[in-house]
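Chemist: Going down the list, the protein sequences come from chains D and W. Mapping the first sequence onto the working numbering, position 35 (from 1) lands on 18, and the numbers just tick up by one. Mapping the second sequence onto the working numbering, position 7 (from 1) lands on 13, and the numbers just tick up by one.
Just so you know, these hints were derived from the structure itself, not from any lab. Be careful, since some hints might not be right.
Claimed, not checked - Listed below are the simulated DSS-like cross-link pairs for lysine-lysine, each with C-alpha atoms no more than 25 angstroms apart in a straight line:
no., chain 1, residue 1, chain 2, residue 2
1, W, Lys8, W, Lys57
2, D, Lys135, D, Lys73
3, D, Lys83, W, Lys91
4, D, Lys84, W, Lys121
5, W, Lys168, W, Lys91
6, D, Lys83, W, Lys121
To be verified - Covered stretches of chain W (in silico footprint by chain D; criterion: 3 or more residues with CB under 8 angstroms from a CB of chain D, positions within the stretch not fixed):
no., stretch
7, 17 to 30
8, 78 to 86
9, 193 to 200
Stated by the list, open to error - Quick list of the computed label-pair ranges, beta carbon to beta carbon:
no., chain 1, residue 1, chain 2, residue 2, range
10, D, Ala52, W, Asp132, 58 to 66 angstroms
11, D, Ile93, W, Ser135, 34 to 42 angstroms
12, D, Ile55, W, Asp119, 32 to 40 angstroms
13, D, Asp128, W, Val29, 33 to 41 angstroms
14, D, Tyr15, W, Glu76, 33 to 41 angstroms
15, D, Gly12, W, Leu120, 37 to 45 angstroms
16, W, Glu76, D, Ile48, 38 to 46 angstroms
17, D, Arg115, W, Glu139, 37 to 45 angstroms
18, W, Arg85, D, Ser76, 17 to 25 angstroms
19, D, Ala52, W, Tyr143, 39 to 47 angstroms
20, D, Ile48, W, Asp217, 51 to 59 angstroms
21, W, Asp31, D, Ser30, 50 to 58 angstroms
22, D, Asn116, W, Lys164, 56 to 64 angstroms
23, D, Asp128, W, Lys8, 30 to 38 angstroms
All residues carry an ideal CB built from backbone N, CA and C; glycine is no exception.
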Amino acid sequence: MILIISTCKYPLSDEEFVRPIVEIVRECGFDYHVRRYYERMETDYYSEIIICGTALRDFDYLNYIDNFAQLINYDGGILGICAGYQILAKVYSNTLERIKKIGVYNVKIIKDNPLIEEREIRAYFLHMYALRNVNDNLEPLAVQDDEISIFKVRNKQFYGVSFHPEVLNKEIITKFLYEH
Amino acid sequence: MKVCVLYSGGKDSNLALLKAYEVFDVECLVTISPQSEESCLFHYPNTELVKLQAKSLGLPLIADTCLDDENSSLDALYRVLEKAKELYEIEGVVTGAIRSTYQATRFQRVCDDLKLWCFNPLWLRDEISILNEILDYGFEIIFTRVAGYPLKKSMLGKRLTKDTVQLFSRMREILNPSGEGGEYETLVLDMPLFTKKLKIVEYDIVGEDYDATLIVKRAELVEK
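Please put together the full structure from these sequences, using the hints given.
Modeler: Okay, structure coming up:
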């Protein structure tokens, strides 16, 4: 069972950022539940968690970071997409920097990982904040320019992806679901 | 939230409007007419028809024109959205973008520059499911342009039906079923929010198979 967490303040944004993830999870044959960022999270029941992205001007989820702090004790896999990347970064005490990126850019893979086989991919970005540096809790896996585009939490199967893999890189999500 | 809808009068912008209408205050429609069908950012609407649709919807329309190149298109988009902000105090824009990262990137950048939220409720939707949803809502839609094999001139003026959707579904290897790449264009004659429906009174069809356009010469609003 997969837990899909919406970080969208407005339900119309769910259509854009959550429904595509739901469709990929469904296509892969997994059962799922969708919960919102401000709801209390029961995570024991789930084998994987996907934290979805949201609209460019939506930062309400950052007011609920405490809600996500318990994820540190979660034993399954987590894929944080865009807003989810930012949430994981903050939960592990990293400082987000203002990096506005809108559009398709090349991403360079700098460390072998189970999510991407290629050395370089094209990916669709839509964010205001990202990481340039990480603390010891996180391990950079891919970069775009001076931004860390994918990181892994050390000693966990938690991944943060600053772009939107559901747009041009669905295989990242399917590999996470099948192979992490 | 007060929003405007980027509106071409075709099926996708009308479905986006319907979805926005359910959750937001839609204050106005904005439409941009490029010089020709060659525009990579906007569909090629008939502004006179969009005026009738806006009247049927009871919504103000902000219309502008542009050349087909990207700079002119973006300038026009800035102009109409700035005007919508000024006149109707909109905070967000709703579009019918489905899969084009080119379109989405530019809409998102312009909205961000103007400090507007950008909503794309059809984003990444399966095109066939969109067509089925539109028909389930009772939209009446005709084809107004075909631009590519295997779409024939004889389709122009014909209704989009469940049979058409099945046909598009079988052809999806060679045809984008949504027509988002300009393979075809549509005109919505009726949808749930219209108070009156659009009736085409006089039209011409120009062009040949795989590249033809229906030009509406006269249309009117009639009781539903």
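Chemist: Does the structure keep Lys8/W and Lys57/W at a Cα separation of 25 angstroms or less?
Modeler: Cα-Cα ~21 angstroms, so holds.
Chemist: Can the restraint linking Lys168/W and Lys91/W be considered satisfied, given a maximum Cα separation of 25 angstroms?
Modeler: 39 angstroms, violated
Chemist: Holds or violated: the stretch 78 to 86 of chain W covered by chain D, criterion of 3 or more residues with Cβ-Cβ distance under 8 angstroms?
Modeler: violated (count 0)
Chemist: Taking the CB of Ile55/D and the CB of Asp119/W, does the distance hold inside 32 to 40 angstroms?
Modeler: 38 angstroms, holds
Chemist: Is it true that the CA of Lys84/D sits at most 25 angstroms from the CA of Lys121/W?
Modeler: 15 angstroms, holds
Chemist: Please verify whether Lys135/D and Lys73/D have alpha carbons no more than 25 angstroms apart.
Modeler: 13 angstroms, holds
Chemist: Between Gly12/D and Leu120/W, does the C-beta distance stay in 37 to 45 angstroms?
Modeler: Since the Cβ atoms of Gly12/D and Leu120/W sit about 42 angstroms apart, the hinted range of 37 to 45 angstroms holds.
Chemist: Would you say the C-beta atoms of Ala52/D and Asp132/W sit inside 58 to 66 angstroms of each other?
Modeler: Violated - the Cβ-Cβ distance for Ala52/D and Asp132/W, about 37 angstroms, lies outside 58 to 66 angstroms.
Chemist: Three or more residues of the stretch 193 to 200 of chain W near chain D by CB distance under 8 angstroms?
Modeler: violated (count 0)
Chemist: Between Lys83/D and Lys121/W, does the CA-CA distance stay at or below 25 angstroms?
Modeler: 13 angstroms, holds
Chemist: Taking the beta carbons of Ile93/D and Ser135/W, is their distance inside 34 to 42 angstroms?
Modeler: Once the Cβ atoms are compared, 38 angstroms apart, the range 34 to 42 angstroms for Ser135/W and Ile93/D holds.
Chemist: Kindly confirm whether 30 to 38 angstroms is satisfied by the beta carbon distance between Asp128/D and Lys8/W.
Modeler: 36 angstroms, holds
Figure legend: structure checked against the earlier numbered hints; hints not met, in rising order: 5, 8, 9, 10, 18, 21.
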